[in-house]
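S.K.: Chains as they are written, first to last, in this note's numbering: chain Z, 1 to 313; chain H, 314 to 626; chain R, 627 to 939; chain X, 940 to 1252.
Treat the hints with care, as some may be off.
[Claimed, not checked] List time: in silico BS3-like cross-link candidates among lysine-lysine, alpha-carbon distance up to 25 Å:
#, chain 1, residue 1, chain 2, residue 2
1, R, Lys699, H, Lys410
2, H, Lys553, Z, Lys312
3, Z, Lys312, R, Lys938
4, Z, Lys151, Z, Lys179
5, Z, Lys97, H, Lys625
6, Z, Lys240, H, Lys410
7, X, Lys1181, R, Lys723
8, X, Lys1036, R, Lys868
9, H, Lys386, X, Lys1251
10, H, Lys410, Z, Lys242
11, H, Lys555, Z, Lys97
12, R, Lys866, X, Lys1036
13, X, Lys1181, R, Lys901
14, X, Lys1179, H, Lys625
15, H, Lys464, H, Lys358
16, R, Lys938, Z, Lys144
17, X, Lys1036, Z, Lys73
18, X, Lys1090, X, Lys1181
19, Z, Lys275, H, Lys464
20, H, Lys553, Z, Lys97
21, Z, Lys73, R, Lys938
22, Z, Lys97, X, Lys1012
23, R, Lys868, X, Lys1083
24, H, Lys457, X, Lys1251
25, R, Lys723, X, Lys1251
26, X, Lys1179, R, Lys723
27, H, Lys625, X, Lys1012
28, R, Lys938, H, Lys386
29, X, Lys1083, H, Lys625
30, R, Lys938, X, Lys1036
31, R, Lys770, Z, Lys312
32, Z, Lys312, R, Lys699
33, Z, Lys275, Z, Lys97
34, Z, Lys242, H, Lys588
[What the hints assert, rightly or not] Label-pair distances were calculated between CB atoms; the ranges are:
#, chain 1, residue 1, chain 2, residue 2, range
35, H, Gly497, Z, Lys151, 15 to 21 Å
36, Z, Glu64, R, Ile861, 41 to 47 Å
37, R, Ala725, X, Gln1108, 57 to 63 Å
38, R, Pro812, X, Ala1034, 26 to 32 Å
39, R, Lys938, H, Gly592, 46 to 52 Å
40, X, Ala1034, Z, Lys97, 45 to 51 Å
Simulated from the structure, these hints should not be mistaken for laboratory data. Positions of the beta carbon are idealized from the N, C-alpha and C atoms, including for glycine.
Protein chains: 4
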Amino acid sequence: MNTFGNIFRLTTFGESHGPAIGGIIDGMPAGVDIDFDLLHADLEKRRPGKDTICSARNEADNVEILSGVFENKSLGTPIGFIIRNNDMRHQDYDAIKNAYRPSHADFTYQEKYGIRDYRGGGRASARETACRVVGGAFAKMILKSLNIVIKAEIENYDEWRKSVSEAQQDGDTFGGIVKCNISGCPIGLGEPVFNKLHAALGAAMLSINAVKAFEYGEGFRAASMRGSEHNDYFIEENEKLKLATNHSGGILGGISNGKDIYFRVAFKPIATLPKEFSGRHDSSPVARAVPIVEAMASMVIADYYLLNRNSKI
Amino acid sequence: MNTFGNIFRLTTFGESHGPAIGGIIDGMPAGVDIDFDLLHADLEKRRPGKDTICSARNEADNVEILSGVFENKSLGTPIGFIIRNNDMRHQDYDAIKNAYRPSHADFTYQEKYGIRDYRGGGRASARETACRVVGGAFAKMILKSLNIVIKAEIENYDEWRKSVSEAQQDGDTFGGIVKCNISGCPIGLGEPVFNKLHAALGAAMLSINAVKAFEYGEGFRAASMRGSEHNDYFIEENEKLKLATNHSGGILGGISNGKDIYFRVAFKPIATLPKEFSGRHDSSPVARAVPIVEAMASMVIADYYLLNRNSKI
Amino acid sequence: MNTFGNIFRLTTFGESHGPAIGGIIDGMPAGVDIDFDLLHADLEKRRPGKDTICSARNEADNVEILSGVFENKSLGTPIGFIIRNNDMRHQDYDAIKNAYRPSHADFTYQEKYGIRDYRGGGRASARETACRVVGGAFAKMILKSLNIVIKAEIENYDEWRKSVSEAQQDGDTFGGIVKCNISGCPIGLGEPVFNKLHAALGAAMLSINAVKAFEYGEGFRAASMRGSEHNDYFIEENEKLKLATNHSGGILGGISNGKDIYFRVAFKPIATLPKEFSGRHDSSPVARAVPIVEAMASMVIADYYLLNRNSKI
Amino acid sequence: MNTFGNIFRLTTFGESHGPAIGGIIDGMPAGVDIDFDLLHADLEKRRPGKDTICSARNEADNVEILSGVFENKSLGTPIGFIIRNNDMRHQDYDAIKNAYRPSHADFTYQEKYGIRDYRGGGRASARETACRVVGGAFAKMILKSLNIVIKAEIENYDEWRKSVSEAQQDGDTFGGIVKCNISGCPIGLGEPVFNKLHAALGAAMLSINAVKAFEYGEGFRAASMRGSEHNDYFIEENEKLKLATNHSGGILGGISNGKDIYFRVAFKPIATLPKEFSGRHDSSPVARAVPIVEAMASMVIADYYLLNRNSKI
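Sequences and hints are given; from them, build the entire structure.
M.R.: Put into structure tokens, the structure is as follows:
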């Protein structure tokens, strides 16, 4: 149950305070150009300690690629990787050894498994997302060759920045929204019925820590719209069918229709409040979430691209 | 890719205008009491043609259970079922043989597969949801023995009813929101990281036709909340830990925490407008969506209940 | 757990004495020519009651295709099918209601599930194999377009026939061996490590009722061979590499190498002895096993052909 | 496709001449006692260079456990591990850079992927089996608590030893057979139809490098037996049903029946002949195969034990 994807599959492991986290990317086709700069740039974007919103914890995030790459091409074999946990200050976490932090997973892990690595967030730590970024970077290498571009950003950045600063001054934290756009996606991605493309994107986003909501196209607004407002009508242009509008968000019947796919993801505020717990903590989850949203979306699109190769004989 | 679930699995088939739709429920444990009344009552709730909002198409939805049940108990073997398509008026659909209806899946199916059953919505038809209701009914039989109760309803029913009626008078359609509550869910359901319980619920809801958005707990509201507002704090009551509030929506770190799970699902308006197409069509998808939301939620909870049996040795 | 395959997937249901057996073929690519004659011919080969070795039970095996096919082409959507159980003489089985037949699955089903359909073999009945033949027939339609030919036959037919007749005269039963050859298989099918092509073929064969052994290439003989005897050496012919011999059985490192794939499957004698139980019973399982071996091999090759489409970008 | 198992799942990575091999064990239930001595003892058994039959290559096989274990108990989270490739003498392999070794996977890998790590066997190397031994060791920790004992050995050890020595003197190699016995297996393991217990064991064995054949119970002998010879009859002992014989090999209808499970696995001779290629090479694959057969069998039994927990409500 620690595997994501169908053909392009990422399996991850690792507690925040064990020796390392890491994963295996399976289903990477052979012959893809490996772009290590892209990989390192994405990890750098996710890394905490870069500004005043993210904590100062020094996670070097030095990823080591252990297999599946040869002479800068993918081999078609699984890509194993690890990231060492270098900066473990165990004393920071002594206070929580016998306590459950509010709105954390300590309580549910203990109940589910009867045991937990109490030294930190363990598997529920945000550190786990570094592995998603690695998986996403390899997916992006596939998408690059297909001219598919995925771009996420914080919604209303200037206002959000102000709300976070104010919360910080009060020893508090704040939530936020990340929006994402996918352009250049070929028509036909998505499996009807249970594996609609937006259901896969939604599941991917909802699997990110602190995410509480997902919408695509008009989203919740669609619930109070009429059909005549919401429908996208075909127009003919140069003897080809084209959609005049894109209320649908680039997906019809669960299948991409060639228009941009766009969606929004809501994050709750970080549960660990500086005024309650000392230590290194972020003030809002969305500061680091942008590359994670891109990574997850990239893995979904790469996976569904490969799946779709078998739609026709 | 027409399978839903991990241990409790529903696989479905069927075009709206072929001889039948149906499915196979695999992973139903042996020894569950089979409640045919529950099954028929759920199908009846989903059936169109009951009021002025749903079309008059007479879908008898007579399900035939073909295997897996013996002397009113589940055998532990797969449960096969079919529902015949009785009321096929092919002439209704002649107009669309060579045309793509706006905001329908006609176009994307044709592009993805190079072929489609043009006589109707085919696999993308709302008729497919009858199979989900059958799967959900069997899941509910498991949940009944665990005292888990899942209850969905249309949000702001009275106002929504008025908006639909007004749209209907204009030959138009309207969207809507279904909200759902799960009570009695044991602590510990949900697989951390990629298969968080709410990610599974979200994927299930987003796989329903016309759904554009999903949120649980505070949902999008959480994005503009501070941590001190959103956190649920533990209080001690009779020497047991208890959560004073439930902003989280019953799930922490992707794992159920024993509080009620609640979520909201947004549906876009039906794309087929009465003023554009004659025939039998619903005015809002949510009229029939309530039992489908319950069915999908029931399958998720039953599946994750069975998965969780292997969390500990 | 009633699903076979990865991309091309067959899921089946049905007890021998319920209303019907059937299944769903998922992953059939769109645009394949549907050959109903092939389907019916294969079912006819499997049908019992054709000669003195097979029992006289009249299984009409009238398969009804319910979806996924339109204007004689596959739609890319799942293919649902059922086969009614017409000829149920319940009285034949009264004797076994409270008894476990020797070397049958009655005992293990009862222990595993705590319940069983005691009216017959239930899910363990040979009747289940009709669904495999349907799945195999659709797989063959894919293989036909690729010029892959799969041919199974009873080994040493004349001697085997004599042994069966002698056993029959004594109220006894007899085993047998089916051998199979696959020609025209493209190079590259098979996933190294856990999903080697021969491991998939072996699992497929061992899943057939009464199978006790599987070998490919030199099989057990290879265990007492030297490397210099067993190795297949490359020779150059018209500037292309060619293998001079085929001890390996057409598979190297789990991947097809372009030579014929050949394997042998051993069946134990039927456990129900005419001298012990009255009723309609076969004298040897291999009489009906030939089309089943072909069906299972066809599904494996079709599945691995589709899987292999994603080996390279 | 580099994943083995359903609930207890091992995913592996690694080329023989890359920086490391390794894997992730997912589905290990929480609370299992971790026995590092068992793990190291099993790895030691598999390690080459211990006697004259295995090559002198110094594979330290120092496994590093990176997650999923805390205070000597399993956490219920995935167990990541790596084994560094320390002893890489690249010059040994220069001769094969532009050549395909006979009866090796060089040719089929190159054809399948269009690229290969020509420095050695890559993913097809026997080195990969070290990861299987790690997975098997963790499975054994589950089985230990259930009193299930799995024991493999080389068949006819003294004669086989002589044949290998003679082959060695001629610069040649030799095959061999490993037999395996499973005692203490509870009744009820195995999923009928496609996932019979022996089909899973067969697939597991056939996935091991150099395996050409698998049989269980009477195996190929059953093909020339009569039903009256092969049937295992129930006898009553102390008012409990018992099987007098065990021709079936401990499995009926694909489900374990409580008797010992036994099977045989045939290995072809190693393809690299000392008289053709200098370097470090084994003389027979079975010398190192015993712990690998045990490891694969252990993973199958642990997996099917966990699967079977959901057979009944």
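S.K.: Look at each hint and say if it fits the structure.
M.R.: Okay, the hints, checked on the actual structure:
no.: 1; hint: Lys699/R to Lys410/H; result: 17 Å, holds
no.: 2; hint: Lys553/H to Lys312/Z; result: 58 Å, violated
no.: 3; hint: Lys312/Z to Lys938/R; result: 18 Å, holds
no.: 4; hint: Lys151/Z to Lys179/Z; result: 9 Å, holds
no.: 5; hint: Lys97/Z to Lys625/H; result: 21 Å, holds
no.: 6; hint: Lys240/Z to Lys410/H; result: 18 Å, holds
no.: 7; hint: Lys1181/X to Lys723/R; result: 19 Å, holds
no.: 8; hint: Lys1036/X to Lys868/R; result: 19 Å, holds
no.: 9; hint: Lys386/H to Lys1251/X; result: 11 Å, holds
no.: 10; hint: Lys410/H to Lys242/Z; result: 19 Å, holds
no.: 11; hint: Lys555/H to Lys97/Z; result: 19 Å, holds
no.: 12; hint: Lys866/R to Lys1036/X; result: 18 Å, holds
no.: 13; hint: Lys1181/X to Lys901/R; result: 23 Å, holds
no.: 14; hint: Lys1179/X to Lys625/H; result: 32 Å, violated
no.: 15; hint: Lys464/H to Lys358/H; result: 13 Å, holds
no.: 16; hint: Lys938/R to Lys144/Z; result: 15 Å, holds
no.: 17; hint: Lys1036/X to Lys73/Z; result: 17 Å, holds
no.: 18; hint: Lys1090/X to Lys1181/X; result: 24 Å, holds
no.: 19; hint: Lys275/Z to Lys464/H; result: 39 Å, violated
no.: 20; hint: Lys553/H to Lys97/Z; result: 18 Å, holds
no.: 21; hint: Lys73/Z to Lys938/R; result: 11 Å, holds
no.: 22; hint: Lys97/Z to Lys1012/X; result: 17 Å, holds
no.: 23; hint: Lys868/R to Lys1083/X; result: 50 Å, violated
no.: 24; hint: Lys457/H to Lys1251/X; result: 15 Å, holds
no.: 25; hint: Lys723/R to Lys1251/X; result: 21 Å, holds
no.: 26; hint: Lys1179/X to Lys723/R; result: 18 Å, holds
no.: 27; hint: Lys625/H to Lys1012/X; result: 11 Å, holds
no.: 28; hint: Lys938/R to Lys386/H; result: 48 Å, violated
no.: 29; hint: Lys1083/X to Lys625/H; result: 15 Å, holds
no.: 30; hint: Lys938/R to Lys1036/X; result: 21 Å, holds
no.: 31; hint: Lys770/R to Lys312/Z; result: 15 Å, holds
no.: 32; hint: Lys312/Z to Lys699/R; result: 11 Å, holds
no.: 33; hint: Lys275/Z to Lys97/Z; result: 19 Å, holds
no.: 34; hint: Lys242/Z to Lys588/H; result: 23 Å, holds
no.: 35; hint: Gly497/H to Lys151/Z: 15 to 21 Å; result: 43 Å, violated
no.: 36; hint: Glu64/Z to Ile861/R: 41 to 47 Å; result: 43 Å, holds
no.: 37; hint: Ala725/R to Gln1108/X: 57 to 63 Å; result: 60 Å, holds
no.: 38; hint: Pro812/R to Ala1034/X: 26 to 32 Å; result: 29 Å, holds
no.: 39; hint: Lys938/R to Gly592/H: 46 to 52 Å; result: 47 Å, holds
no.: 40; hint: Ala1034/X to Lys97/Z: 45 to 51 Å; result: 58 Å, violated
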